[in-house]
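The lines below spell out each chain.
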Amino acid sequence: DQQVKQNSPSLSVQEGRISILNCDYTNSMFDYFLWYKKYPAEGPTFLISISSIKDKNEDGRFTVFLNKSAKHLSLHIVPSQPGDSAVYFCAASVTTDSWGKFQFGAGTQVVVTP
Amino acid sequence: DSGVTQTPKHLITATGQRVTLRCSPRSGDLSVYWYQQSLDQGLQFLIQYYNGEERAKGNILERFSAQQFPDLHSELNLSSLELGDSALYFCASSVFPNEQFFGPGTRLTVL
Numbered sequence: 001d002q003q004v005k006q007n008s009p010s011l012s013v014q015e016g017r018i019s020i021l022n023c024d025y026t027n028s029m030f031d032y033f034l035w036y037k038k039y040p041a042e043g044p045t046f047l048i049s050i051s052s053i054k055d056k057n058e059d060g061r062f063t064v065f066l067n068k069s070a071k072h073l074s075l076h077i078v079p080s081q082p083g084d085s086a087v088y089f090c091a092a093s094v095t096t097d098s099w100g101k102f103q104f105g106a107g108t109q110v111v112v113t114p
Numbered sequence: 001d002s003g004v005t006q007t008p009k010h011l012i013t014a015t016g017q018r019v020t021l022r023c024s025p026r027s028g029d030l031s032v033y034w035y036q037q038s039l040d041q042g043l044q045f046l047i048q049y050y051n052g053e054e055r056a057k058g059n060i061l062e063r064f065s066a067q068q069f070p071d072l073h074s075e076l077n078l079s080s081l082e083l084g085d086s087a088l089y090f091c092a093s094s095v096f097p098n099e100q101f102f103g104p105g106t107r108l109t110v111l
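Quick note, the sequences are listed as chains F and Z, same order.
Last residue of the first sequence: number 114 in our numbering, and the count goes up by one each step with no gaps.
Last residue of the second sequence: number 111 in our numbering, and the count goes up by one each step with no gaps.
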């Protein structure tokens, strides 16, 4: 049962433009969400997170938006740079139960072209 | 470099065999997590240990087991291996559960 879904397996964007990655979840108990970035032959690295008490969190070029009613979150990268080419995973957790037991989406491969 | 090390990097074995994957967490991290990433799938949470004790369990098969030792390194044991167990296995460690640091993974191929 896939509780976190990333329906776009890939995204191609021009350098300097905005990248928008989407993630949907089905479990209404999820209250903490994260995005991880993964380069080939490396483990995922933490990018940004958001708690369910917020609807937006910003860190430099990265902004995560949370729409709890739609059970949807998105990651915006502005402006996109060639070094952003990677696989991006969204993840969700129920902090009141097994805190740290994250459910991950299947990932979105982002390619930033010059 | 996340500070989390995993050995070996690659492992090729046959069906029915048993293997052990090893993880050394970042210095000071008490929690260790194991994940499995099969082809074209996201990371599936397997199990978490905190300071030597099992803390949370995911959909880990009975053929799989893990432990965390007093020096905080962890091992994931996979037995009676099947073709479908071929995957990338990641270990992560953390101080706080909301920011897990991942190792580079062990790629297991079962032939």
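Keep in mind that the hints were calculated from the coordinates and are not lab data.
Each hint should be verified, as a subset may be incorrect.
Covered stretches of chain F (in silico footprint by chain Z; criterion: 3 or more residues with CB under 8 Å from a CB of chain Z, positions within the stretch not fixed) [claimed, not checked]:
hint, segment
1, 43–50
2, 100–107
One side only, chain Z facing chain F, incomplete, derived with CB under 8 Å [said to hold, decoys possible]:
hint, residue
3, G28
4, D29
5, S31
6, S38
7, G42
8, L43
9, F64
10, F69
11, N98
12, P104
13, G105
A virtual CB, placed ideally from N, CA and C, is assigned to each residue, including glycine.
Evaluated hints:
1. 43–50: n = 5 at 8 Å, threshold three: holds.
2. 100–107: holds (count 8)
3. G28: violated, 16 Å
4. D29: violated, 12 Å
5. S31: holds, 6 Å
6. S38: Cβ of Z/S38 sits 10 Å from chain F, so the hint is violated.
7. G42: holds, 4 Å
8. L43: Interface hint status for Z/L43: holds (4 Å vs cutoff 8 Å).
9. F64: violated, 16 Å
10. F69: violated, 19 Å
11. N98: holds, 6 Å
12. P104: Nearest chain F Cβ about 5 Å off; hint holds.
13. G105: holds, 6 Å
Of the numbered hints stated above, those contradicted by the structure are hints 3, 4, 6, 9 and 10, listed in ascending order.
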